[in-house]
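Chain by chain, the residues:
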Amino acid sequence: MDKLLDLWLASGIYNVTPGQVFMILIGLLLLFLAIRKNFEPLLLVPIGFGGIMANIPEAGLAMSAVENAIHLGGPEMLQTLSAALNINSADPAVVTHAYHAADAATHTAAVYAANDHGFNNGMLYNFYTVAIASGAAPLLIFMGVGAMTDFGPLLANPKTLFLGAAAQFGIFATVIGAVSLTTLGIMDFTIQDAAAIGIIGGADGPTAIYVASLLAPDLLGAIAVAAYSYMALVPMIQPPIMRALTTEAERKIAMVQLRHISKAEKIMFPIVLLILVALLLPDAAPLLGMFCFGNLMRECGVVDRLSDTAQNALINIVTIFLGLSVGSKLSADKFLDLQTLGILLLGVIAFGIGTACGVLMAKVMNKMAGGNSINPLIGSAGVSAVPMAARVSNKLGLEANSQNFLLMHAMGPNVAGVIGSAVAAGVMIKFVG
Amino acid sequence: MDKLLDLWLASGIYNVTPGQVFMILIGLLLLFLAIRKNFEPLLLVPIGFGGIMANIPEAGLAMSAVENAIHLGGPEMLQTLSAALNINSADPAVVTHAYHAADAATHTAAVYAANDHGFNNGMLYNFYTVAIASGAAPLLIFMGVGAMTDFGPLLANPKTLFLGAAAQFGIFATVIGAVSLTTLGIMDFTIQDAAAIGIIGGADGPTAIYVASLLAPDLLGAIAVAAYSYMALVPMIQPPIMRALTTEAERKIAMVQLRHISKAEKIMFPIVLLILVALLLPDAAPLLGMFCFGNLMRECGVVDRLSDTAQNALINIVTIFLGLSVGSKLSADKFLDLQTLGILLLGVIAFGIGTACGVLMAKVMNKMAGGNSINPLIGSAGVSAVPMAARVSNKLGLEANSQNFLLMHAMGPNVAGVIGSAVAAGVMIKFVG
Amino acid sequence: MDKLLDLWLASGIYNVTPGQVFMILIGLLLLFLAIRKNFEPLLLVPIGFGGIMANIPEAGLAMSAVENAIHLGGPEMLQTLSAALNINSADPAVVTHAYHAADAATHTAAVYAANDHGFNNGMLYNFYTVAIASGAAPLLIFMGVGAMTDFGPLLANPKTLFLGAAAQFGIFATVIGAVSLTTLGIMDFTIQDAAAIGIIGGADGPTAIYVASLLAPDLLGAIAVAAYSYMALVPMIQPPIMRALTTEAERKIAMVQLRHISKAEKIMFPIVLLILVALLLPDAAPLLGMFCFGNLMRECGVVDRLSDTAQNALINIVTIFLGLSVGSKLSADKFLDLQTLGILLLGVIAFGIGTACGVLMAKVMNKMAGGNSINPLIGSAGVSAVPMAARVSNKLGLEANSQNFLLMHAMGPNVAGVIGSAVAAGVMIKFVG
Amino acid sequence: MDNLMSEGLSLMVFGMGFVFVFLTLLVFATGFMSKLVTKFAPEAKPQPAKPQPAVAAAASPGNDELVAVMTAAVHQFRKH
Amino acid sequence: MDNLMSEGLSLMVFGMGFVFVFLTLLVFATGFMSKLVTKFAPEAKPQPAKPQPAVAAAASPGNDELVAVMTAAVHQFRKH
Amino acid sequence: MDNLMSEGLSLMVFGMGFVFVFLTLLVFATGFMSKLVTKFAPEAKPQPAKPQPAVAAAASPGNDELVAVMTAAVHQFRKH
Ligand code: NA
Ligand code: NA
Ligand code: NA
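Residue numbers (our numbering), protein chains in the order written: chain A, 1 to 433; chain B, 1001 to 1433; chain C, 2001 to 2433; chain D, 3001 to 3080; chain E, 4001 to 4080; chain F, 5001 to 5080.
In isolation and in its complexed conformation, chain A is listed as follows (with noise of 0.2 Å):
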């Protein structure tokens, strides 16, 4: 009977927390969302599942071997661990903390304590430690962008980089509304948190992540959440302000033909870009490295064998993890927070004042150009959520002129925002991090 009572008290039922229930629920609408309303499935699908896995009571699999000692290992264990972490208090919550500000070497004394007392790390925790933690996964998917991105439409009509400048202001923007919020006393951000929370804006998602497990290990679920949220949702966002922005006859602006780009300048743009990157920016090396070096493997054309891995058996690999990973950082006591509620309105603002930076950005080119070479529908482009808000660009031109297709002249901006998120985010890693 003893061992009865043993699977009850260890038992999900018995264990359950409202957070967790409240968590695994988070997970099956995200699980929900990408099945049936197509919301960024790739992403979305390991996320919300990893997220429910996360949330699993007991079973530990999003906790280090310390934290499920703490959390399982009773008094005795507690006992251990704060002399090894050389505190007074056995107390978990002290504990606890004492772990997460512990220097390297007293880390270690705690994690063999735990170890020798028969805790490990749980798997979801294994896979964030190998797969984020060391930045390898955010960097090996923009390898994988890289190798699937082709930069012809940019390099027809270079000046759309500017589009993507522009629309990075989203990010800024957001900077300052968690900055904002913080001062007024309303949530409480470091400036780490405001620029991992503004990167949202950038609309990209390993960009994302990545800043996050640099700057703000502690939001990174809700900031990846939100950005994959919110880029499988710019064609709800950005149609209104694209419209409000511009007038009919704007909308209507046909783009000239893009110029044929040869093989060489494809191949070129890539090291340009590199070496540019090199010379001004060391921060924002490993994002657009990584980038670079899978478009050069896409373009070179003497590795296709190489380029074609990238883009689907690495990338797919790698994208599994990455999801999963993301997932268990959807634990209740990390989640359940006002700054969630706080990343998904500030994320959105984001999107919004991006798309609308882009829009303007057009419009003021063509004003300064004198002419009307440029749809500014195209510049809402420059959020990037490739190739989302390309297609919407595209979408919108076409319900003003059934004969305009937007979709290369957007393509444009689309990777160039990429570009300047990468930028964005070296420039907050540098001043911040």
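Keep in mind the hints are simulated off the structure, nothing from the lab.
Treat the hints loosely; a few may be bogus.
Claimed, not checked - Derived DSS-like pairs: lysine-lysine, alpha-carbon spacing no greater than 27 Å straight-line:
1) D/Lys-3039 to B/Lys-1252
2) C/Lys-2363 to C/Lys-2395
3) A/Lys-159 to E/Lys-4039
Could you slot chains B, C, D, E and F with the ligands onto chain A? The hints should help.
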């Protein structure tokens, strides 16, 4: 001439032990069974080859840095290690024992001492650490298996889950067998060993490896070899038992055609299963969580590229490393033991009992339902061994009635057996882990 | 304005050293050779790109956490590190030296100190650690190469193994060359360096990287670049030597058609080779073991999905990481050295001597056999450089006799050369490792 | 020793019991889920969502099917 | 608090400024590169370097194209 | 220095020697193995075990071969 002598003294011929010769022959036997007899070749080819490599004299491929230092480092190294391990003896056996019994900090000190003298982990030892000791490889295989599994037949006839449950009796009967052999003084198994051996009866490779890596890592080699060998032998082990326990009339029972299962049901099933695991048995969460995740990727229809990768590139890569890592446990000192014979004997008994219980359960269910809705031949498929056991059911069904295609009906208990043994694994990890 | 100054002071333009500029140009040269001249692009594209990234000023992508802390941490950090390393100087050069000379425990203390101050390993440093320092990447490439290799031509004419043996003389002659340069006071190579340089003459990339990572990690960049570059230059290096050492009549020798090789022989060959390695030279076991394993997967016919993955997804993934990791060793302070020139010079000599010895061996074998059964042009293929060297043999054969197709005959010594240099690698690791 | 045996027995009893309880609950949960799904999200008609059915027709020698098969194969191939 | 706000503002000013400076330089560098390439390495004619164009013709029902497509597909397939 | 040279020379002598010994043994072992295999496990006839030979016929324009090729390609494709 010194060099020539060195070469000779370091050569395999000079150093080979009878145990190593024997184990290399075992490795060759496994290769023969895999290649010529088609015994689960995807696993037994890497396991057999890994087993041969693990027994190459002096190469130390399956040994850790410290083990290599003990074996090759000479008296001075042993002295250094005994100091690091805080013992007084420099006897290799004593040092080895102290190394395996050391706590984490002492263990690290010994590793540092070995590294400082230029000794490193063997290649297979590293593979084992990354693939199996971390728990990752069996879980990823399970994810791939989930992505390959069609739960349609099970959903069409959920009662066949009972057959999958009954067949797990083989697992627990084997535990009793192992415990009895110890009580009788014939063998010397701990309760952990007994549990790990029992799981052979689950007829599911990754589950067996996962449980053995947690409960009895020293027996892992023998357990994995037994599990995969007996799975390959299912067409020989099962039929006599199935014939003995059924009448000709029973074997002729035709089953009603399975109803069509909608896509939504297939999507919901892994989620329902995951939630049940979360509520009842958190210790089964890693195994069944990854299994459900793989199956959800398969069925949801929006992440086909991830599902494809999980079923192909990823599972193949993991299989290579898993197989070689299991092979690393086929070293003479661990495998050549009376215990191995005990494991092989108990394993086949487990298969037999599982088969019998599955068949008998089907007969009981017919009795209780007062009808003849279930052909007892599909009960044996409850041991899992997907899809071999289901094919055996089909074959015996056709022998009795050439129009009686049981394959699809047997797939229900077959995949139920996978769930059943993962649940049994969770219970064991919970109680004796 | 502070921030602006910060940006400028941290920018690449401000910090770039002439050495870094030079190394970036070397990286661009490698990319040019790979993309336009088709020099082993699968490796030289990642190596060249990795080399550029490794030399991005201030980014520290190829540096460890401690190296980054030394470079960027300022006096206080240096003080902390010198305390951790138990030295009295806070001079960067002294600290760096002490860090590299530290034993494992002290090394860990320095790493902890760097981590505590927020310094982390660069991305490429991590890749190097996982891919090369662990030994995994070259071994997995070798497994893939094994899975791509058809030993049929070798089995049809096993005597061609002697050609593969003779061509390894290039390796050992180069060792003597390196040793002589040191004895003459021109260079400063240890015997380990000399051995690692010699292996360039093996004309086999993964073997060269594996040996260099064990014997001379500092020279790894130059050795890998030399090995792959000269392999690409085989069509220019070999023909003059081959023409000089053969008569027109010899070049016209037609060889008898190769006999059919049964599937069983092809399956048995990797096993025979593995057992021979096990008996004679355990130090070659990792390299040749993985090679034989790949080849067995290919030939056994029952694990085609593993063989496919080993030849495609897995080898491609590993190649990407291997190339970037090798590139990480192209940092200015390690590559820009008189030694690199010595390595490049010795490498080409090694290729030349290997080629000559292969050709001469073929002539000797003809003499000893008293016949004309071997066209000496296939001797040069013994250096390996698969399949380039065999193609060169074929081309020169066709020049002399337009009906003389030597390709298949040259594949025998070609793959024999792979085995030969792996054996030579094992001997070197045994004697100087 | 007796202790070991009793541990084994209790493992058997609780293990088998739990497996049955779990799978019984799964039978009910699955049945309940199927009912819910059939009620609230009935399938319009089972459509062939993927090109495989077309591919399966590859053995038929007609030229049109061949083209369809090709296209499907190449298409799927490219996705990889 | 004020400090945080001023940090945020300076991050915005320098961040946006830098993004614009960087992308402006990229516009010029790209334009310059394109000019150089067009001048020194003009493309003879845009050739279909890969078999994809042939593959794209797969829908056309002619038998010859079909063979070409097949060959290309199988060829590419084998490379994998 | 002299020591280094002598180390190099002995490495050369023993290295080359060992390479030759090893490959000579491999020649004999391979020959022996081939004889054993030919004696005890002769191949009935060299069968085309895999679909590749059929695939190689892809260039031939006959319709039947085309179908065979397709089937083989799709089959192999699916295995991936
Ligand atoms: Na962006
Ligand atoms: Na089972
Ligand atoms: Na060679």
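- [ ] List in ascending order the numbers of the hints, as given earlier, that are violated by the structure.
- [x] Result: hint 1 breaks, nothing else.
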